[in-house]
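Go by the hints and put chain Z onto chain B.
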Amino acid sequence: MKTLNRRDFGVDFGLTLAAAILLPITTARADDTNMEVHIDNFVFQPPELTIKVGTTVTWTNRDDIPHTVVSAGKFRSKTLDTDDKFSFTFTNAGDYKYFCSLHPHMTGMIKVE
Amino acid sequence: MSGHHHGEDGVSRRKVLECMTWAGTGVLWTITGGVPRSLGIIDSAEAATAAAAGMTFLQISDSHVGFDKPANPNALGTLEEAINKINAMPVKPSFMIHTGDITHLSKAAEFDNADRIISQSKLDVHYVPGEHDFLDEEVKFYRERYGRGTKGAGWYSFDAGGVHFVGLVNVVDLKGGGLGNLGAEQLAWLEDDLRGKSKSTPVVLFAHIPLWTVYPEWGWGTEDGGRALEYVKGFGSVTVLNGHIHQVMQKVEGNVTFHTARSTAFPQPAPGTAASPGPMKVEDAKLRTMLGVASINFKQNEQRLAIIDTPLQG
Numbered sequence: 001m002k003t004l005n006r007r008d009f010g011v012d013f014g015l016t017l018a019a020a021i022l023l024p025i026t027t028a029r030a031d032d033t034n035m036e037v038h039i040d041n042f043v044f045q046p047p048e049l050t051i052k053v054g055t056t057v058t059w060t061n062r063d064d065i066p067h068t069v070v071s072a073g074k075f076r077s078k079t080l081d082t083d084d085k086f087s088f089t090f091t092n093a094g095d096y097k098y099f100c101s102l103h104p105h106m107t108g109m110i111k112v113e
Numbered sequence: 114m115s116g117h118h119h120g121e122d123g124v125s126r127r128k129v130l131e132c133m134t135w136a137g138t139g140v141l142w143t144i145t146g147g148v149p150r151s152l153g154i155i156d157s158a159e160a161a162t163a164a165a166a167g168m169t170f171l172q173i174s175d176s177h178v179g180f181d182k183p184a185n186p187n188a189l190g191t192l193e194e195a196i197n198k199i200n201a202m203p204v205k206p207s208f209m210i211h212t213g214d215i216t217h218l219s220k221a222a223e224f225d226n227a228d229r230i231i232s233q234s235k236l237d238v239h240y241v242p243g244e245h246d247f248l249d250e251e252v253k254f255y256r257e258r259y260g261r262g263t264k265g266a267g268w269y270s271f272d273a274g275g276v277h278f279v280g281l282v283n284v285v286d287l288k289g290g291g292l293g294n295l296g297a298e299q300l301a302w303l304e305d306d307l308r309g310k311s312k313s314t315p316v317v318l319f320a321h322i323p324l325w326t327v328y329p330e331w332g333w334g335t336e337d338g339g340r341a342l343e344y345v346k347g348f349g350s351v352t353v354l355n356g357h358i359h360q361v362m363q364k365v366e367g368n369v370t371f372h373t374a375r376s377t378a379f380p381q382p383a384p385g386t387a388a389s390p391g392p393m394k395v396e397d398a399k400l401r402t403m404l405g406v407a408s409i410n411f412k413q414n415e416q417r418l419a420i421i422d423t424p425l426q427g
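If you're matching them up, the sequences are chains B and Z in order.
Residues 1 to 113, numbered by the numbering used here, are exactly what the first sequence covers, in order.
Residues 114 to 427, numbered by the numbering used here, are exactly what the second sequence covers, in order.
Please keep in mind that the hints were generated in silico from the structure rather than gathered at the bench.
Worth double-checking, as some hints may not be accurate.
In silico DMTMM-like cross-links for lysine to aspartate or glutamate, where the CA-CA straight-line distance does not exceed 25 Å [as the list claims (entries may be wrong)]:
#1 B:K85 <-> B:D64
#2 Z:K182 <-> B:D84
#3 Z:K182 <-> B:D83
#4 Z:K288 <-> B:D64
#5 B:K85 <-> Z:D249
#6 Z:K182 <-> B:D95
#7 Z:K288 <-> B:D95
So that you can see chain B by itself, here it is in the shape it has in the complex:
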């Protein structure tokens, strides 16, 4: 009995663990179609993002200074004032380098697989 109990407990524990690990993965997958980039202190965060085709990326400017998000020939936001957002859905695979046209030392990259 004792052995069985231990085994039962072991199985139960294993299942709980598996569920606990599966849950966040499932949640992350659901979010994959919507990704966020923040602008803080004149930096795109994260500076590089790998996403799947069909994903929409939303940039939010959290600085007190306006910024833009520009990828030459691909997409171009309006000027984003504090807390303004810009979204773009990536429908083709490839590397999308982008920058802020007001502060060109600010650069970022979206890798679409």
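Chain Z in isolation, oriented as in the chain B frame:
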């Protein structure tokens, strides 16, 4: 009105210079058309004030009209304080230059408000744009207001008091990962503009972003600024003025003096002392010591312009 003024009085130039030595500050000179001109002997107190002035012009910068964040919720108010200070100056400057970021978001109302306050100085104002003045979708507000008689995105030159002034634009066509940019067309124009000018003509270049490399990590520099500086290399006196970094910074390199003016809106941190070049929040009591204007003074017999920075307070 120049050297022959003394000829008419039957006083040789040499004699006038002797008089000046004797009279100390009693003879007041100013510079007209590049030629020193005597204004006659006046009482010494008045002369001291006026001589200290010489050919005087003012620089204001980075008004950021429309900015309303905690670093300074009233940028229009501090611009007005700066203009009131200018109006109270004992010697009226000849004119004013504005080195860009007149507005914060290039909105029509922001340009209107800036105009309403700045025009209270009743001075001619020569503008160059900052990146914040080119944010409207069609990039037309700045050009419609200040672009008359300018080339390209708004560059031009003019002469005043024997000094050749060149307003440059380094806030368009910026490339990812790069700094400020003048571009080939503007550089070719600049080279042409300076060609044939006497090397003894003092030259003042002014632009929004520093033409010299202040701190590339924060984009504080101009990619092709060195090309512009090559064209002025042979001149005896070159002064380069800019805004953009909201703090006083100076450098002398050969015959070139670089100078950055304060903002009238909000301070920015010294290079590398903060996470970003964004607006610096300081105690209310300290804010006005970090905002202000610069007056630039061209004196005879001096190669360099004297630059006096005046904070709004302190």
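Results of checking the hints against the structure:
no.	hint	result
1	B:K85 <-> B:D64	holds (14 Å)
2	Z:K182 <-> B:D84	holds (15 Å)
3	Z:K182 <-> B:D83	holds (12 Å)
4	Z:K288 <-> B:D64	holds (23 Å)
5	B:K85 <-> Z:D249	holds (17 Å)
6	Z:K182 <-> B:D95	violated (36 Å)
7	Z:K288 <-> B:D95	holds (17 Å)
Consistency note: the structure conflicts with earlier hint 6 alone.
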